[in-house]
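To convert, count from 1 in the sequence shown and add 1216; that's our numbering.
Hints are computed from structural coordinates only; laboratory data are not their basis. Beta carbons are placed, not taken as given, at the ideal position from N, Cα and C, and that holds for glycine. Do not take every clue at face value.
Simulated restraints on C-beta separations [what the hints assert, rightly or not]: (1) Thr1357 / Ser1305: 31 to 37 Å; (2) Ser1621 / Phe1521: 30 to 36 Å; (3) Glu1377 / Glu1270: 26 to 32 Å; (4) Ala1218 / Glu1377: 40 to 46 Å; (5) Leu1220 / Arg1345: 45 to 51 Å; (6) Gly1443 / Gly1309: 51 to 57 Å; (7) Glu1657 / Val1614: 32 to 38 Å; (8) Glu1336 / Arg1527: 35 to 41 Å.
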Amino acid sequence: MALLLDAVFLVDKAGALVYVSPACESILGYSPQELLGRSMIDFVAKEDRERTIEESKFVMAGLPRIGFENRYIHKDGHYVHIMWSARWSEDHGLRIGVARDVSAKKQAEALQRATYSISEAAHDAADVRSLCKAVHDTLSTLFPIDAIVVATCDAELAAWEKAYQYRDSGDVPVLDWRQAQHLSTQATQAKRPFWHRIEAVPVDGAGQSVPHVRAEPLVPGAPVETGTQVLAVLPMHTARRAVGTLMLYGPASALRAEAAQRLLAFVCDQTALAIERKQLIDDLYQAARFDELTGLPNRRTFGEFAREAVRRAQRTNGKLAFLFADIDGFKGVNDSLGHAVGDLLLKEIGQRMKTGVTGCGFVARHSGDEFVAIVQDAEVVERIDVAVTRLRAEIEQVISVNDASLSVRVSVGVAVFPDDGESMSELIRVADRRMYANKSERKSGGASFLQRLI
C-alpha cells in the first residue's frame, strides 16, 4: 500500500480520519500524521462540502461509489482535484476511499472553459459590475480567492473607481482604498503585475490590530513559504490606455503558478477591452442625453420625460406646470468677460435651477442660455407663482465667477396643464410667449413679474 500512487483513506462514522496512506503527502502536501484524527471535510473546498457530505451518506448506506469528484485544499493553499472510489465496511464501521489526483486533467479543462467563459462574459455582460462578477465566478473555480477588487480609472490615472469588490470573510486582511489606489497606479504605470504579502499592523502588545495593513513587495520569481497568502495587483490595458486593475488575494502557490499567470493575463486583456467598450457606450449615451456643459438632461431627454409626464397627467386628471427660463443679457457676459466665464455662469445657473426644482420636478438645458423645467407636485403647481418667485430669487443671487461678481436677471414664462394646453407642444408655445412678454415688459418698466407670469 505504501507504494501506491493513489492515496487510501479510512474515515469513521463521525468523518474523522483514522488511516491515511503515504501517497497522501504527494497529493495534498500533508503527512499521514498531520491528518490522523482530523475531520476530512475540513480539507474540502468550501463550495464542494455540501455535495461531498451528501455523497458520503450514499457510501455509508452501503452503496459503493466510483468516479465522484471534488476539490481539496492543498497544504500550500491551491486546489487539488480528486476522483474517488469508495465503499462502506460495515464490519469495521469505516468508509474506505481511494483518491486519485486528476488535477492536471481538470485544470486543463477548466482553463479552456475559463477562456471561453470570460470571452463570452466580456461580450455579453450588461454592465461593468456584472462582467466583474462573471470573471470572479470563473476564477473562483480555478483558485481559492479570499478577496477580489476590480478598480477602473480614467485615462490620466487621476481618478479611481471601485467597480467590484468581494471579501470571503472579515478575517481577510484588505488594503484601504487609498492604499489600493496607490498600488493600482504603480502597476498601471509600470504595465506589469505587482505582488505583495499583506498583514494587519499590530497596535500594541495586547495583540490588537487596526484596519490598516502593511503591503510588503515580493520580488518577481522569488520563492515564498508554503501557505503564504499574496495580493496580486494586475494592470489592465488596452492598445489606447490604462483601464484599471484586477486585485486578487489568495494562496501564492495557486496565483503565481505559470498556467495561472497566463490565464490572469488573458483575463486582464479581455476585461480591459470589455470595460473600455462599455465605458465608450456609456460616454455615447451620456453625450446623446445630457448637456456636456451643465450635466443637465438635454432637450431630447427633456422632451421624452415631458411627453410621458403629460400622458401621466392625462390618465390621472392631474396638473403640471411647464417653466421656460431665459437669462437676460447673457450675450453681454460673453462679449465683455469671455465665453469661459459665460460657460461657468451657465453651469452655476443650471445647478441653481436643479436645486430649486429637485423634489417636485425635472430641469433641463433647452439651448444656449435657455432652461426648461416640469413641475409635477400638485401643491406646488397650485401655487406656481410663489414657487417661481422663490426659484427666480435663488437664481438671481450674486454669482462669483473667477474674479468677477455677476448679477443676472431671468425671464420666466409658465404654462399649466391642462389650463393652457393639453399637449407638450402647446405648453411650450404658451410658456415661450409668456417668457418673451415677461422679458419685454420688464425692460419697458411695464407690469410686474408676478402679474405677467401666467
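Could you tell me whether the CB distance from glycine 1443 to glycine 1309 stays inside 51 to 57 Å? violated, 34 Å
Is it true that glutamate 1657 and valine 1614 lie within 32 to 38 Å of each other by Cβ? violated, 24 Å
Should the hint that glutamate 1336 and arginine 1527 are 35 to 41 Å apart at their CB atoms be regarded as holding? holds, 40 Å
Can you tell me whether the CB distance of threonine 1357 to serine 1305 sits inside 31 to 37 Å? For threonine 1357 and serine 1305 the Cβ distance comes to about 34 Å; the hint holds.
Taking the beta carbons of alanine 1218 and glutamate 1377, is their distance inside 40 to 46 Å? Violated, at about 57 Å.
A range of 26 to 32 Å was offered for this pair. Does it hold for the Cβ distance of glutamate 1377 and glutamate 1270? violated, 42 Å
Looking only at beta-carbon atoms, does the pair serine 1621, phenylalanine 1521 fall within the given range of 30 to 36 Å? This hint holds: roughly 34 Å between Cβ atoms.
Would you say the C-beta atoms of leucine 1220 and arginine 1345 sit inside 45 to 51 Å of each other? holds, 48 Å
Comparing the model with each numbered hint stated earlier shows that hints 3, 4, 6 and 7 do not hold.
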